[in-house]
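Colleague: Spelled out from the first residue to the last, the chains are:
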Amino acid sequence: MSESRPKLALIASQGTLDWAYPPFILASGAAAMDWDVAIFFTFYGLPLLKKEIKAGVSPLGNPAMPMKMPFGSKGFQNFNWPIPNLVSSNIPGFESMATSLMKKTFKNKGVATVQELRDMCVELEVKLIGCQMTMDVFGFSKDDFIEEAEIGGAATFLSYAADANVSLFV
Amino acid sequence: MSESRPKLALIASQGTLDWAYPPFILASGAAAMDWDVAIFFTFYGLPLLKKEIKAGVSPLGNPAMPMKMPFGSKGFQNFNWPIPNLVSSNIPGFESMATSLMKKTFKNKGVATVQELRDMCVELEVKLIGCQMTMDVFGFSKDDFIEEAEIGGAATFLSYAADANVSLFV
Amino acid sequence: MSESRPKLALIASQGTLDWAYPPFILASGAAAMDWDVAIFFTFYGLPLLKKEIKAGVSPLGNPAMPMKMPFGSKGFQNFNWPIPNLVSSNIPGFESMATSLMKKTFKNKGVATVQELRDMCVELEVKLIGCQMTMDVFGFSKDDFIEEAEIGGAATFLSYAADANVSLFV
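If you read the protein sequences in the order shown, they are chains A, B and C. Remember, the working numbering sits 786 above the position in the first sequence when you count from 1. Remember, the working numbering sits 786 above the position in the second sequence when you count from 1. Remember, the working numbering sits 786 above the position in the third sequence when you count from 1.
Careful: at least some of the hints might be erroneous.
Identical copies go unnamed one by one, so any copy, or any two together, can satisfy a pair.
[Unchecked claim] Capping the alpha-carbon separation at 27 angstroms, the derived lysine-lysine pairs in DSSO-like fashion look like this:
no., residue 1, residue 2
1, K928, K890
2, K928, K893
3, K836, K928
4, K913, K837
5, K928, K895
6, K836, K895
7, K913, K793
FYI, nobody ran anything at the bench for these hints, they're computed from the structure. Fair warning: this is a prediction, and the values are worked out from it, not measured in the lab.
The following block holds chain A by itself, in its conformation from the complex (with noise of 0.2 angstroms):
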C-alpha cells in the first residue's frame, strides 16, 4: 500500500510547549520529503488542535529541564538553558517566564514556533486527527479545533497506522 510514498502516523498525547514541538517536527519533516503523515491527537496532546495554541512549559513535568531544579542540579543533566537555577518552581509567575525564556531561545536559534509547525503540517497536507473520546471527557467540541482537523477514534489511528512505515506514540 506504501509503494509509492512512505508513511508516518504519530499520537500526540503530550500538552506542553516542549513536549508539544517532537509530533510537529517530525511531522512537517516527514511531509517535507513527502512522506505520508497523520497526527493522532488525544489527552493531553487534543489541545493542541486548538484555533490558538495555548502551550506552555512546566516546571514541574519536565524532569530534565534543569531550570526547575531549585534545590542543586548534581543528578541532572546539565542544559545551557538560560534560566537561573535559583527559581523555585513553586514561584508564582514562573511558568510564565519559563514559557517566554523557551520561546525566545527557540527564536534566537532560528527554530520555528509549535504554530508555525502546525501551519506547515497544515501546508503539507499532514492529516490532523483529535480523539473523539478525549473530546467527550474533557468538553471541547469541533468548532474548538482549527477547521483542518478531522475527528477519529483508536480505530481511525490503527487502520492509518496498519500499513505505516513508522509509528510512534509521543
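Dock chains B and C against the given chain A, drawing on the hints supplied.
Modeller: Chains B and C alone, transformed into the frame defined by chain A:
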C-alpha cells in the same frame, strides 16, 4: 507474516491512572478489531498487572493537567477538568481527590475504568507480559499479578514486535 | 531491505536516570539478538551522548515513583523502592539521595549502569545519533559527545526508521 490479522505491540511503561488508559484503550480497541495484540508491562507500568490496580493521578507528573497548576495557568492548555485552580499540589490528600475526580469524570462520560479495560483485554485475548527485570528490581513475584499475565524480557517483546504492524512505547 | 537482520529505530527524548534505561536496554538487547539498531538522541535525551553521563532521578517528573509522594501514596502503585515515604520532594539534597538509592538498588539487583549499557551499545555497533537541532538550541558541540556519536536530523531518523521492523519513541 501478518497476512490475516494485523498485529499491535505495546510497551506500557507508566503507572499513573491517566497514563494507564492509552495502552489499555489501544489494546482493547485493536483486539476488538480482531488484531493480534500484546502489551509488555515494564518499569512504572508493571504494577498495572497486579490483581488490584491502585493507580492514581499524580499532581506532579502530568505537566498538561491544569488541576496541578495552583500558581496560574496562563501558559497552559485549558482543560475542562473539574478541579479548582486554587488547589495546591502540595496539599495533603490532593492526590486522592484528583484521582477520585478523574474517576468520576470518566464514569460520567461513559468511559470504562482501567480495571474494566484490562478485563476487556483479557477477554479479547490480549497477551499481557510482565517484564522480568523490572520484577527483579522492584521485588515483584508472579503471584502478585493476575493469572493471565505471562513473564518475559526485552527479547520477548522484540520477537513479538518484529513483525507487528504497529509498535508503540507508551 | 531488512531480510537478513531485523531493525530497531529508537528515539531517546528523556534525560533522567530512570528514563535513560529503556532505550539503552532495548537497544543493547536487540543488538545482542543481532538486530541492526540506531538510537536518535533528541531533546532532553541528547545529553545521554555526553562523555560522562550525569543523569539523575527527578522526584518531580516520575509520577509513579512512590518515593516522591510525601503526602501519602494511597492512590499510587506500590513499588518496593527503598525510600522512606516521609521524604519530601522539596527537601534539598533529595535528588542526590534518590539517584544514589536508585543506583544502589539496580547494582544490588545485578542491573548494569546506564554507562555500562551505553558501552555495550557501542561495542555491539548500535548507531548513536545526536539531534542537530537540539544541539543548536541547547548549545552542544560534537566534542561534548562520545566519539562514536554521529550527528543527524529528523530526516536521518526517518530514513533509518522507514524500513525498521520496530520504531519506538521513548
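Colleague: Work down the list of hints and note, for each, if the structure agrees.
Modeller: We went through each hint and held it up to the structure:
1. K928 - K890: between (32 angstroms within a copy, 24 angstroms between copies)
2. K928 - K893: between (31 angstroms within a copy, 22 angstroms between copies)
3. K836 - K928: Intra 9 angstroms, inter 38 angstroms, cutoff 27 angstroms: intra-copy only.
4. K913 - K837: within (16 angstroms within a copy, 40 angstroms between copies)
5. K928 - K895: between (35 angstroms within a copy, 17 angstroms between copies)
6. K836 - K895: Result: close both inside a copy and across copies, 26 angstroms intra and 21 angstroms inter.
7. K913 - K793: both (11 angstroms within a copy, 23 angstroms between copies)
Checked against the numbered hints above, the structure breaks none of them.
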